[in-house]
Amino acid sequence: MQIKTNQTCTLNPIGGRAVMVLGTIVILFMQSGCEGDAEPEFQGVDSTQETTQRVQSTDETDANDKMTQSFAPTMMGMDIPGISDPYFHAADEVIIPETTPVIGVIVDGKARAYMDEGMAEADQHIVHDTLGNQQLTIVYCDKSNCVRVFDSTEAELDSILMAGMKRDQLQLKVGTKDFALDDESIPIPDYESERTTWSEWKAAHPETDIYVGIGKMIGPTVKESARPPRKSDFGG
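If you're matching positions, the sequence shown starts at 1 in this note's numbering and goes up one per residue.
Do not rely on the hints blindly, as some may be mistaken.
Below 20 Å or equal to it, Euclidean Cα-Cα: the simulated PhoX-like pairs (lysine-lysine) are [to be verified]:
(1) Lys166 - Lys143
(2) Lys177 - Lys166
(3) Lys143 - Lys173
Don't read these hints as lab results, they were simulated from the structure.
Predicted model only: the values in this text are computed from it and were never measured.
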């Protein structure tokens, strides 16, 4: 599935699957509890007891919500700079599963992809790149599954930092101000990007190159002949 937009910030699909699994467990538990030949004897509950139980249930829910918020990751003041010298590979130099999520951009007919997984580490969420004459800043938050691609031609790259995390949302520092990554008031224009899979992007753009991240360059993701120092003629 392809998503073409200037901004894509969605919930991590893992959370949705967890809810479905939990719901299935609850249903199975309820079914097992209903099995048996004898019907349970009804025991009345007076209204006072029922009201007390409802109040206790509400209080417990509120307490759990507050507990969840208080323990949500909040790490600020990190101020991690972006990757300013990204290394790229041709499509035939990498071994990537077809369903791997990527972020795709096109500048003057030149296609380039950035692998989500290669930007998942805390110190690698921001990548500064120049494609043709276009300067871009790609930002990915693995916790919120949010991607922003910015036209950073007029921006000072040293002033764009990963400030930290707040409630599972990457906080981007621009100058002296912090913004949640999905904040539309970030003072850098968006650049059109596409979220898709590696197979779909490669099929549509056979001449694409790809950024796989720092750690992936020396592992099985990249063919041995293309690992740094590169033995092929393809430029970094």
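Worksheet item: When the hints from earlier in the document are held up against this structure, which numbers fail?
Response: none
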